[in-house]
Amino acid sequence: MKKFIGKRAVASAISLVGLVIMVFFLSRLTGDPTDLYLPVDASLQAREQFREINGLNDPLMVQFGRYVADLAVLDFGNSIRRSRPAIDVVLEGFAWTLWLACVTMLLVTFAAIVIGSLAAFRVGGIFDRIATFFSLVGASAPDFWIAIVAIVVFAVNLRWLPTSGTGTIWHWVLPVSVLFIRPFGLILQVVRGSMIGVLSSAYVKTARAKGVRNRPIIFVHGLRNGMLPVITVIGDQAAGILNGAVIVETIFGFPGIGKLMIDSILQRDFNVVLAAIMVSALAIFLMNLLIDLAYALLDPRIRY
Amino acid sequence: MTEHLLEVCDLSVEFHTAGGTVKAVQDVSWHLDRGETLAILGESGSGKSVSASAIMNLIDMPPGRITSGRILLNGADMLKMTAEERRRINGARIAMIFQDPLAHLNPVYTVGWQIAEMMTTHGTPAAEARERALALLKRVGIPEPAEAMAKYPHQFSGGQRQRLMIAMALAFKPDILIADEPTTALDVTVQAQVLALLEELQAETGMGLLLITHDLGVVAEIADRVVVMNSGRIVETGNAAEVYSNPQHPYTKKLIGAAPGKGAMPAERDRGGEPLLRVERLSKHYGAFHALKGVSFTIMPGETVAVVGESGSGKSTLARALLRLEEPSGGQAFYKGRDLVTMPPKDLFGLRREIQMVFQDPTQSLNPRMSVYQLISEAWAIHPEILPRARWRARVAELLTKVGLDPGMAQRYPHQFSGGQRQRIAIARALALEPRLIVCDEAVSALDVSIQAQVIALLEGLRREFGLSYLFIAHDLPVVRDFADRVIVMKEGEIVEEGTVRQIFNAPHEPYTRALLAASLDPDPEVQARRREARLAEGLLTA
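One line per chain: the protein sequences are L and H, in this order. Per the working numbering, numbering of the first sequence is gapless, rising by one per residue and ending at 304. Per the working numbering, numbering of the second sequence is gapless, rising by one per residue and ending at 1543.
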């Protein structure tokens, strides 16, 4: 087990190093932050001073060396825009996104498992139709469109919900609902397909011969076996949100890591971009580990 | 009218499929009394399991539909009961065990939990259920029952798994136990133990035992009465011994006639001259596990050598190591004087065509996306020197005729054939390369007896015609007795005994060989009764 985690960590660390190198140099290609931060009529001297303070005058390789050396002591540098440690800025945004991802995925998982299992139990029944409807909507309606329509309908016309920002629980309703649709449709289909197979398996036949009731047949005998392929998809979808639900966060003005990344790229706030990428990479690594552990937990035949 | 424990009257079941309506069983009637064993005997597709599924409410409706009939449990019609009433009967009054217990036990729950669930489902408190589950494990002979409670199904052997199923089924001492091919996947010695356990438990509880099987030997061993089914109808019913000794219906006669192990054993062959294959101290290790521990034997041209032994004895490893589907760990195998084990891959490629393999499950060994023509002619695409492309079509037709199939079927796909036909296709494919030696790994085990007899006759005919040699790996001794010249008995990766068929079957030296033969079931109930007495006297099977 420990060996397995260690191997995974090493493999992930290697790709992380590659990622940092790539993002560091690519982001420098976008141009000089000085032009963005100082007024158009700023003096040459002021520009020079700005570059000096932010270390932009040194050759790229020197800048990179300094960045790596700082990184070694977990110093991610300062945000140019906010004049405070980049990592603090990123962790704040990440916390928001983490909440958003957790709430959404919990709802998605619960709903998809219940409805998908019931759809599989009675193929062609009412739950099966719900499954088909949502997977069609989720697959075909783009989320930026749904987000904007939702704002127009529920915030502007009906005035039930706030348009954007955070603060009350009502602020969460629209972003969560919009983020919900696509993973819900997808996971619903995976649950349904997996459960159809599981419910026709030999051990379910045994359970029926034992006189086990329908509900435990579906949710005790079936579900634990049917969850294995589902977990992979849940992890994949959760990673998508963790990585920054960029569009949804931007439209709803939600201060998560996705919005932060877009803003920082536009503002050439390089340190924030890099820190954000490293934090989400770590989150995804942890999440994949969690999925592997969940596999072993669900199926006693899997041991690492 | 006397009331039976269980009575099925005029039961008809249909299945509505895309291909039309299939009448699975028609007007089936039989009954079962307390303390009695009734066998439903039939081949695949005969509908022998359908009435049991109807009793357990396991038929999916749709596509299934019960079009007529009654199922009376102590006189009450189960088909008129509500789903909840049926559920209360399942497990508590009528329990069922199945073929392939690994697939029928839930892989992600401990066996203790699964056995206890049988009881908690019907209202037993959890603590009491666990206690009784432990007692049941002890009763069916699971070693270290307390530890076994916390283990998962995959941690047990095949025979133990069937014991677990039996423990579960007997939790409430049901009135009726339905056993659907309970020993089909098991080794002969384990089969004998499981059947003995079922009988013991029947004597203890007085339950009625309904046994569904394709195996005349199982019927002979355990059944009081037998119902013979063919194409969804009962063709014959009666006392098991009488039906065997005096079958009335032509189908029953055919079935009994096809049972292997009755013909004359092949005459002694002259084994002079150069052997086709000489295997010396062949071994295969998987880490610390020695699957094959230095096996030596020879095969002469035109000879059939059978390898018998229980699962885990190394039979299949031997076949795979010989063909270098898995690299041997040591030893030599001289084919026409050249060592297969050390042969470079290039030479091996040329020689592969002379040594072909036919596998147990033709459904899996034939690519479902290739037509029969493609399956057979692929051999010539790989070895183009055998046949120019222009003659492929004619040769495929020729081969199909040879294995008893219509040449017009060449454009069909494997799923359009029956199991026996598929195995013929697999044999035709092996023949396409004009081999000298065919390795058959349980090649007839999955087939119905009548089909099995046909395939064996086909293999025998091909041997005479082309002088083929066979390495025939099997666990079914009667088939070996009919088909092989020599027999190798394997146990735990070693050859324990080797000799001609006569020698092995008439005068086995080793206790292991004798135990194998004693456990093997004869289709004749009288022979089987005599063997049982002998076994009891020897105390061989007090498991």
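Fair warning: there could be bad hints in the mix.
As the list claims (entries may be wrong) - In silico contact screen, one side only, chain L against chain H (beta carbon under 10 Å); selected entries:
no., residue
1, 163
2, 204
3, 225
Derived from the structure by calculation, the hints contain no laboratory data. Where is the CB? At the ideal position from N, CA and C, for every residue including glycine.
Evaluation of the provided hints:
The restraint placing residue 163(L) at the interface with chain H is violated, with a minimum CB-CB distance near 46 Å, outside the 10 Å limit. Hint on residue 204(L) holds. Least Cβ distance to chain H is approximately 8 Å, under the 10 Å limit. Taken as an interface hint, residue 225(L) checks out: its beta carbon lies about 6 Å from the nearest beta carbon of chain H, inside 10 Å.
In this structure, the one hint that does not hold is number 1.
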